[in-house]
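Once you've looked at the hints, dock chain E against the given chain U.
There are 2 protein chains.
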Amino acid sequence: MSKPITLYSHATGPNPWKVAMVLEELNVPYDTKFMDFADLKKDPYEQLCVNGRVPAIEDPNTGINIWESGAIVEYLAETYDTKHELSFEKGPEKYQVKQWLHFQMSGQGPYYGQCAWFNKFHPERLAAPTERYDEQVKRVLYVLNKALTGKKYLVGEKCTIADISFVPWNEMLGFILGDKLASWDVEKNYPAYHAWHQSLLARPAVKKTWEAKQKVASGGGQ
Amino acid sequence: MSKPITLYSHATGPNPWKVAMVLEELNVPYDTKFMDFADLKKDPYEQLCVNGRVPAIEDPNTGINIWESGAIVEYLAETYDTKHELSFEKGPEKYQVKQWLHFQMSGQGPYYGQCAWFNKFHPERLAAPTERYDEQVKRVLYVLNKALTGKKYLVGEKCTIADISFVPWNEMLGFILGDKLASWDVEKNYPAYHAWHQSLLARPAVKKTWEAKQKVASGGGQ
Chain U
0 MSKPITLYSH ATGPNPWKVA MVLEELNVPY DTKFMDFADL KKDPYEQLCV
50 NGRVPAIEDP NTGINIWESG AIVEYLAETY DTKHELSFEK GPEKYQVKQW
100 LHFQMSGQGP YYGQCAWFNK FHPERLAAPT ERYDEQVKRV LYVLNKALTG
150 KKYLVGEKCT IADISFVPWN EMLGFILGDK LASWDVEKNY PAYHAWHQSL
200 LARPAVKKTW EAKQKVASGG GQ
Chain E
0 MSKPITLYSH ATGPNPWKVA MVLEELNVPY DTKFMDFADL KKDPYEQLCV
50 NGRVPAIEDP NTGINIWESG AIVEYLAETY DTKHELSFEK GPEKYQVKQW
100 LHFQMSGQGP YYGQCAWFNK FHPERLAAPT ERYDEQVKRV LYVLNKALTG
150 KKYLVGEKCT IADISFVPWN EMLGFILGDK LASWDVEKNY PAYHAWHQSL
200 LARPAVKKTW EAKQKVASGG GQ
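Chains U and E, in that order, give the protein sequences.
Mapping the first sequence onto numbering that gives the first Met the number 0, position 209 (from 1) lands on 208, and the numbers just tick up by one.
Mapping the second sequence onto numbering that gives the first Met the number 0, position 172 (from 1) lands on 171, and the numbers just tick up by one.
Heads up, some of the hints might be wrong.
[To be verified] Only pairs whose alpha carbons sit at most 27 Å apart, straight line, appear in this in silico BS3-like list of lysine-lysine:
no.: 1; chain 1: E; residue 1: Lys119; chain 2: U; residue 2: Lys119
no.: 2; chain 1: E; residue 1: Lys206; chain 2: E; residue 2: Lys179
no.: 3; chain 1: U; residue 1: Lys89; chain 2: E; residue 2: Lys2
no.: 4; chain 1: U; residue 1: Lys41; chain 2: E; residue 2: Lys150
no.: 5; chain 1: U; residue 1: Lys157; chain 2: U; residue 2: Lys137
no.: 6; chain 1: U; residue 1: Lys151; chain 2: E; residue 2: Lys206
no.: 7; chain 1: U; residue 1: Lys206; chain 2: U; residue 2: Lys32
no.: 8; chain 1: U; residue 1: Lys32; chain 2: E; residue 2: Lys145
no.: 9; chain 1: E; residue 1: Lys187; chain 2: U; residue 2: Lys150
no.: 10; chain 1: E; residue 1: Lys41; chain 2: U; residue 2: Lys40
no.: 11; chain 1: E; residue 1: Lys93; chain 2: U; residue 2: Lys93
no.: 12; chain 1: E; residue 1: Lys187; chain 2: U; residue 2: Lys145
no.: 13; chain 1: U; residue 1: Lys187; chain 2: E; residue 2: Lys40
no.: 14; chain 1: E; residue 1: Lys2; chain 2: U; residue 2: Lys40
no.: 15; chain 1: U; residue 1: Lys119; chain 2: E; residue 2: Lys137
no.: 16; chain 1: U; residue 1: Lys40; chain 2: E; residue 2: Lys150
no.: 17; chain 1: E; residue 1: Lys40; chain 2: U; residue 2: Lys137
no.: 18; chain 1: E; residue 1: Lys187; chain 2: U; residue 2: Lys41
no.: 19; chain 1: U; residue 1: Lys2; chain 2: E; residue 2: Lys32
no.: 20; chain 1: E; residue 1: Lys41; chain 2: U; residue 2: Lys93
no.: 21; chain 1: U; residue 1: Lys145; chain 2: E; residue 2: Lys41
no.: 22; chain 1: U; residue 1: Lys32; chain 2: E; residue 2: Lys93
no.: 23; chain 1: E; residue 1: Lys82; chain 2: U; residue 2: Lys93
no.: 24; chain 1: E; residue 1: Lys82; chain 2: U; residue 2: Lys41
no.: 25; chain 1: U; residue 1: Lys82; chain 2: E; residue 2: Lys137
no.: 26; chain 1: U; residue 1: Lys93; chain 2: E; residue 2: Lys32
no.: 27; chain 1: E; residue 1: Lys145; chain 2: U; residue 2: Lys137
no.: 28; chain 1: U; residue 1: Lys157; chain 2: U; residue 2: Lys187
no.: 29; chain 1: E; residue 1: Lys206; chain 2: U; residue 2: Lys82
no.: 30; chain 1: E; residue 1: Lys89; chain 2: U; residue 2: Lys93
no.: 31; chain 1: U; residue 1: Lys187; chain 2: E; residue 2: Lys41
no.: 32; chain 1: E; residue 1: Lys89; chain 2: U; residue 2: Lys89
no.: 33; chain 1: U; residue 1: Lys41; chain 2: E; residue 2: Lys119
no.: 34; chain 1: E; residue 1: Lys150; chain 2: E; residue 2: Lys214
no.: 35; chain 1: U; residue 1: Lys2; chain 2: E; residue 2: Lys93
no.: 36; chain 1: E; residue 1: Lys32; chain 2: U; residue 2: Lys145
no.: 37; chain 1: U; residue 1: Lys40; chain 2: E; residue 2: Lys137
no.: 38; chain 1: E; residue 1: Lys82; chain 2: U; residue 2: Lys89
Bear in mind the hints are in silico, worked out from the structure with no lab data behind them.
This one's a predicted model, so the numbers in the text were calculated from it and none came from an experiment.
Next up, chain U with everything else stripped away, as it sits in the complex (with noise of 0.2 Å):
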């Protein structure tokens, strides 16, 4: 029995619920420490992430401390996941897991990120920007549901981390776009893609978070 992984997280933000969805897949034990945003970029945190954002992860298995939710899933998949149940030991689905968690770090996080703030934050509502953002995600949306037709995951004939990485910013759609989000009728437009996130959702590990999640953003404790 492993000692438990501490992740540090936030009750909104998506990432750190993308960590904890692996975790919970994983079934490895872990402690939630939950932040407040001004605490994130001084010390003492920023001695432990430098970029002054969650989720970070320290392991007293190995003694590894890192941040940046892609390369904690990776780290996670690497050193608990030895019977490859989320992910691939070798050959070319090891690199497609890779390229599908980069698009997902690079194309799909900072684009609906942007979304967000323009859509729900910026204190005025600017066209140019928004619509530009709204494209974007609509852009990933269309390379999910090309990639996924014809097929259940990502990659190979499994879920792995790839797959799972997606789930918390594709489900925070509703709350970015509202009412908007049903004049864009993804399970229409994107049928390959809504099957996929459903399925997903259904995953017992990831609706057990996503349940939690909600639970923690609504004031309601752990």
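Structure of chain E alone, referenced to chain U:
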């Protein structure tokens, strides 16, 4: 002697040049195919890269074809850096390299890209998004400078794929920001960042690659 890898690239975009730098560093033979943007988002290129972006590689030695620059440089290091000149085999350093590579992919590239869009390419100069992305670039410079203070490289005592990966976007700041960059006084305000970036530019493989990019971008052929 391995057969040459095919690198799908573009004259002006920064990300394929990151891959070229790593190939040069590792002395791996490769041929570059320069693509027009108009040909990326349709077949046959979408058959290779459903995301319709460069870079992508085809490696005839392993039969592995992948896209996303972060995944490609990890693949190249794991396949061809058998002496671990640009990577670490194990331990905390292995995952710290992943951490910085994912930060480059998710934290530097997309934000520098938005900074370029609103400073250079969007039809109008819009104050709010331009200021937003200028501030994001400064934040990346702050994080890198803080991490590099008292150190020569991001991880351990050697240059890795993580360091190299930051070069193209950082070197493009002059093009993106023009005179504005001088007002930021990078050398004074981010001295550890500045020294690191200059040391990376002076590496023969990096220098050769960037000179080739400048030649191609100016229409002079490869």
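The hints, checked one at a time:
1. E:Lys119 to U:Lys119: holds (26 Å)
2. E:Lys206 to E:Lys179: Holds. Lys206 (chain E) to Lys179 (chain E) sits at ~25 Å (cutoff 27 Å).
3. U:Lys89 to E:Lys2: At roughly 21 Å apart (the allowed maximum being 27 Å), Lys2 (chain E) and Lys89 (chain U) satisfy the hint.
4. U:Lys41 to E:Lys150: holds (21 Å)
5. U:Lys157 to U:Lys137: OK: Lys157 (chain U) and Lys137 (chain U) at ~25 Å, within 27 Å.
6. U:Lys151 to E:Lys206: violated (44 Å)
7. U:Lys206 to U:Lys32: holds (20 Å)
8. U:Lys32 to E:Lys145: Distance of about 25 Å is within 27 Å: holds.
9. E:Lys187 to U:Lys150: violated (53 Å)
10. E:Lys41 to U:Lys40: violated (43 Å)
11. E:Lys93 to U:Lys93: holds (17 Å)
12. E:Lys187 to U:Lys145: Status violated; Cα separation ~48 Å.
13. U:Lys187 to E:Lys40: holds (22 Å)
14. E:Lys2 to U:Lys40: violated (47 Å)
15. U:Lys119 to E:Lys137: holds (24 Å)
16. U:Lys40 to E:Lys150: The given pair, whose Cα atoms are some 21 Å apart, holds under the 27 Å limit.
17. E:Lys40 to U:Lys137: holds (14 Å)
18. E:Lys187 to U:Lys41: holds (22 Å)
19. U:Lys2 to E:Lys32: violated (50 Å)
20. E:Lys41 to U:Lys93: holds (26 Å)
21. U:Lys145 to E:Lys41: holds (12 Å)
22. U:Lys32 to E:Lys93: holds (25 Å)
23. E:Lys82 to U:Lys93: Given pair Lys82 (chain E), Lys93 (chain U) holds - Cα atoms ~21 Å apart, limit 27 Å.
24. E:Lys82 to U:Lys41: violated (38 Å)
25. U:Lys82 to E:Lys137: violated (43 Å)
26. U:Lys93 to E:Lys32: holds (25 Å)
27. E:Lys145 to U:Lys137: violated (36 Å)
28. U:Lys157 to U:Lys187: Holds - the C-alpha atoms of Lys187 (chain U) and Lys157 (chain U) are around 25 Å apart, at most 27 Å.
29. E:Lys206 to U:Lys82: Violated - the C-alpha atoms of Lys82 (chain U) and Lys206 (chain E) are around 43 Å apart, more than 27 Å.
30. E:Lys89 to U:Lys93: Cα-Cα ~17 Å, so holds.
31. U:Lys187 to E:Lys41: Cα-Cα ~22 Å, so holds.
32. E:Lys89 to U:Lys89: The given pair, whose Cα atoms are some 17 Å apart, holds under the 27 Å limit.
33. U:Lys41 to E:Lys119: violated (33 Å)
34. E:Lys150 to E:Lys214: violated (33 Å)
35. U:Lys2 to E:Lys93: holds (22 Å)
36. E:Lys32 to U:Lys145: Measuring from Cα to Cα gives roughly 25 Å; hence the hint holds.
37. U:Lys40 to E:Lys137: Between Lys40 (chain U) and Lys137 (chain E) the Cα gap is close to 14 Å, so the pair holds against 27 Å.
38. E:Lys82 to U:Lys89: The given pair, whose Cα atoms are some 19 Å apart, holds under the 27 Å limit.
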